[in-house]
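Asker: Produce the entire structure from the sequences given, and follow the hints as far as they go.
Spelled out from the first residue to the last, the chains are:
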Amino acid sequence: MFVVCDCLLQVITICFAVGTIFIPIGLFSLQVSQSVLEIVDRYDVECVPPSFRSNKLEYIKDSSIPKNCSRYLQVNKHMKAPIYIYYQLDNYYQNHRRYVKSRSDKQLLYGLKYNYTGSCSPEDANNGLPIVPCGLIAWSLFNDTYSFFHGADALKVNRKNIAWESDRNHKFGKHVYPFNFQNGSLIGGALLDPAIPLSDQEDLIVWMRTAALPSFHKLYGRIEEDLHADEILEVKILNNYNTYSFGGRKKLVLSTSSWLGGHNNFIGIAYISIGSSFIFIALVFMLLHVKNPRPYGDTTNISWTWTGISS
Amino acid sequence: MKRYIYINHDDLAQDLYCDNRISNRKYTLWNFLPKNLWEQFSRFMNQYFLLIACLQLWSLITPVNPASTWGPLIFIFAVSATKEAWDDYNRYLSDKKANEKEVWVVRQGVKKLIQSQDIHVGNIVWLRENDEVPCDLVLLGTADPQGICYVETAALDGETDLKTRVIPSASMGIDFELLHKIKGVIECPSPDKDIRRFDANLRLFPPFLDNDMCPLTIKNTLLQSCYLRNTEWACGVAVYTGNETKLGMSRGIAEPKLTAVDAMIDKLTGAIFVFQIVVVIVLGIAGNIWKNTEAKKQWYVEYPNESPWYELLIIPLRFELLCSIMIPISIKVSLDLVKSLYAKFIDWDDQMVDLETRIRSHATNTAISEDLGQVEYILTDKTGTLTENKMIFKRCCIRGTFYGNENGDALSDAELLNAVSTGSTDVIQFLKVMAICNTVVPIQSNTGVISYKAQSQDEEALVRAAASLHMVFVNKNGNVLEINFNGLLLRYEVLDILEFTSDRKRMSVVVKCCLSGKIYLLSKGADEAILPLARSGQQTRTFSEAVEQYAQLGLRTLCLASRELDDDEYREWSLMFKEANSKLVDREWRVAEVCQRLEHDFEILGVAAIEDRLQDGVPETISTLRKAGINFWMLTGDKQNTAIQIALSCNFVSPEPKGQLLLLSGKTEDEVCRSLERVLLTMRITNTEPKDVAFVVDGWALEIALKHYRKAFTELAILSRTAICCRVTPSQKAQLVELLKSCDYRTLAIGDGGNDVRMIQQADIGVGISGREGLQAARAADYSIGKFRFLTRLILVHGRYSYNRTAFLSQYSFYKSLLICFIQIFFSFISGVSGTSLFNSVSLMAYNVFYTSIPVLVSVLDKDLSENTVMQHPQILFYCQAGRLLNPSTFAGWFGRALFHAIVVFVITIHSFVFEKSEMEEVSMVALSGCIWLQAFVVALETNSFTILQHLAIWGNLVAFYAINLIVSAIPSSEMHTIMFRLCRQPLYWTTIILITMAGMGPVLALKYFRYTYRSSKINILQQAERLGGPILSLGNIESQSRSLEKDISPLSISQPKNRNPVYEPLLSDSPSATRRSIGPGTPFDFFQSQTRLSSTYMRNSKDN
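Going down the list, the protein sequences come from chains A and B. With full-length UniProt numbering, the residue at position 85 of the first sequence is 85, and numbering never jumps. With full-length UniProt numbering, the residue at position 950 of the second sequence is 950, and numbering never jumps.
Be aware that one or more of the hints could be misleading.
In silico SDA-like pairs for lysine to any residue, Cα to Cα no more than 25 Å straight-line [unchecked claim]:
{"#": "1", "chain 1": "B", "residue 1": "LYS26", "chain 2": "B", "residue 2": "PHE75"}
{"#": "2", "chain 1": "A", "residue 1": "LYS106", "chain 2": "B", "residue 2": "ILE964"}
{"#": "3", "chain 1": "A", "residue 1": "LYS291", "chain 2": "B", "residue 2": "ILE964"}
Hints are computed from structural coordinates only; laboratory data are not their basis.
Answerer: Below you can see the structure in the form of structure tokens.
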């Protein structure tokens, strides 16, 4: 006779419970993720004129060559507003130690009043004058621009409120204006309008929220009208930003959103697989118990020999 | 260097030497900070942390704010410093108490009461009976007309007997009043720590004439911390004061004891350190390669083309800093904290309070509780430790007549009482020796009740017994003893006392009968010190048989003898004795030699047998701890037979046929060598058999064995689970401890007297019994307990829990540090191997200091098995002894768990928070929350017994994590402003956290359950049994019952292979035939009494179970 241990019951119950809860959640989030529609277009290669394909670096560095480029995006399914416009950079290390530290939060908030910008090196000062905003992150601000056309009509893109509100209110000064920015011998990325305070430079604010992964999306704007199936959008791109030197990819992403965020099947798949492995474990334990019942807590056959313990 | 001390000269020497202020303080207010810091930084761990902290000040390489290391570092230093300061403050208080104690000192010719600290060299200090000597004094006068006083030097050398001190001849006979005005000079050496030497000269100034130099020795001194005893008053001149006294100079700093667990943690830390260096080198090289190949192309990173040489070091150093959290900075503080809690648990334990004396158990050393759980050898003293050290006179043999054999108590033996009342000369002489031959002091209270004050328990027992047999020692008036025998007052004048020494093993007094004027020498001592000195013609066989018989019963024996001396003989001898006593060199040896000239041709009067009862629960304690796999060695100064008997009666060795005693003996090297080989041979053969084999060795053979055959003896020590060492000296006890320690065994020494102090200090764990022999052992020990039986609880409950808890806590500390460090390492792979920290400074600091240390601290309340279960299954201690819960393989398990959890957290985080959500601060907080959740569940899973506190700590900590982070997120200037609010609003965050938790815990849970059920350890089985509830039946009980039955029928005998052929002969022989065989040359014993006593012990034992 043996007692079915409460412990076995507990474990099996936990495993089954977890499994039965996880699988539906997984299926549900998978469905939510699938319902998010996404148009992704990689344009960094296509936007280089064929004559420069073998030497993209020369193309991007030569400011005399026009960087205009047009891309056509096919809408496969009806996309409901708001549709978010992101640019995606791959193989771009915003999380690099040298890069991520090269900023001065105090300067962003207080401007020139805050003098110490040692952390911004090597983009802390130019010609003996401090740079506002200083540091590599601001200096390398992304400067491709997109305009969307619906046939001949321009599609209205809302470029306001793309940055976090808290950043605009608390992290970037309302009275801090760009100063001595991109005046050096080496021009990094975008220029900033010295007349607009940093708190309103939303592209900068978005860019300054560094990504933790080398592949990331940054919000560019929102299309606030539905896109219908089989529509063709024309995107006029100013392909200014240099990713060619390090083989980075640039993509334009149009995506709807869900309560779980963007299109990402990982959560759903993970939940389903974890859930099913829990159920699998429960089944294995049940089988083990049936095939190989263990007397539970039976102290009578403990042998207290030394070898018995140490084996 | 010499110092000249002008006696009683108030103006001189005041400034020359320090005053009597005692200072045990390590620090002063001024040097505390630098000295303490210096001490803390002399430890490797602290140096390492300091190096890391300093590296972090270099902003180029620091991944996080330097505060994340400096904060905890300063906190940890502050904690240790506070502890030190507190200890030092307590020392200051006790110093102050000693310093402000009031003593009588002569100032300007008048006796004044001043504080002890104001005594200056040259002052005359007055002491009364039972006063503590405040500084080193040279004796000038005592109440005794002979100029003798008695001191107890226990605090100095651990010897409890009273020592006599004499005033120097120059000051002999000086009037009490004149002592106030005495002047003179003492020439003495500069302070040293030799408490046996004081070579000085005294010269008194007129009017005390005597222009001669008078030599002074240690005999003329009263040293600091001794007590004046049995002397009404004494006075002396201060020669060494304050910290310059002999005691002050010899005060050493006790070396801190390191537990096996600490050593293991150090080892593991070392391993982690090596691992860390490897990781740093690999990642450093990879980082530099990536930098040179990839990062140069990443224009936005703007690496300069030319860089200084040290640029190569920057990335490895960054990784060094990132990985420095691998070695948890908090582990030392946490361990110190829990260790002091373990000690408090011992102090608070109500089940370890001696009900008679109300003495609580106390842990003096708070740092070594884990070692209690890993004890492998217990070396125990016998008298006072296993026994009660309450001596009671039980039997005697006077002139071949045995008294007390029938009823076991001679005092109520009608035959003896009859003999006393009829006035049998032999019996009366015997009683007289019992009453007179001692150093006992009778004290008559106001009500007329006489109590005896004795330094030796045996003497007290004898005097008491004599008193109850109508030979009452009434009064000691100077040198005249008054004895009331049946209303008749007898007076004896003590002429000389030939003191007891451990070499002579006897003491004698020379007394003169005031009535007849006859002079007698009365002696008592160990049989081998008395019986050979019997007058020719006297048969001592009955006496030696009596001694053997009593020893078989576990009684202590003393032989009593006397001799009438001629006046001439005495006078002649007395001169020699005086001369020897005034010798400056080799005095003790000379005195012993002179004593021997008188102590011969004894008329042996008889043998007195004194019982020293076993303490309650000793057999049970020993058998329980035996079952726990602990080996016992008994080290005693007592004689072999007594020791063996006590050993048998307290389950120390098993009687036949289960047990076997092997004798290791011999007087010469050759004999010992042969004996040792023989014993070793038998030991090797029987090692495979389930037999309790023990060896018995005496001090003499031990001396030779340790000196010449150390290797063989060590092998014997390893093979033998039990040993009885008799007639061993304190230093031999310490040597044996040292021997076992050198074989890498954890030793626990337990004792109660001053002679055990060395062994207690030598052992890994010293336990002192606060017993009748005073408190020195208890004071020198790491733990002091009231009774031997508390040892079970101390080891099985406190030691075991401490070990388990520390094992968990230390490994867990590494686990959580490794977890977060692995995540950092993984993150470096997706951040260009540049050494970016995923976590921000605040989180990193708080992770180690708050989030993860509080839940784990409550693991000090965790009990894997209930106390009762452990007591019933002491075998479970094996897991602790063998270090099963903390060793490289368990650590590898935790390492693997950390790696697995880091992978889970990292992979899930970076796949859930992708693209537009891959914002640095958010990802970092998701990963951190994942770690916090996992660690909460890990602690919960590893906790065996939940109390409300544990729930509060584990889940409260989780809540606190969110509270803290939400608060930090609410501060606009903080780096993580609004991050936590944003996250908590996102369903994705919560789904990710649940995913991390379940994916991390699932396999751990499954594995744990699988192990618990299918690869269950004995602990698991007992846990299961506990869960089922009800009584837990174990084999242990059944076994002990059957064993006790076996014992009742088994023939029990001991034979000693005396003068036997070198063939091995068992001490406890196997069969009746063996008994018969041993009758011839050896001395056979039949001891039915002891047999019944044994079996009754076992019966009790089995019932208790």
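Asker: If you check each hint against the structure, which ones fail?
Answerer: Structure breaks hint 3 only.
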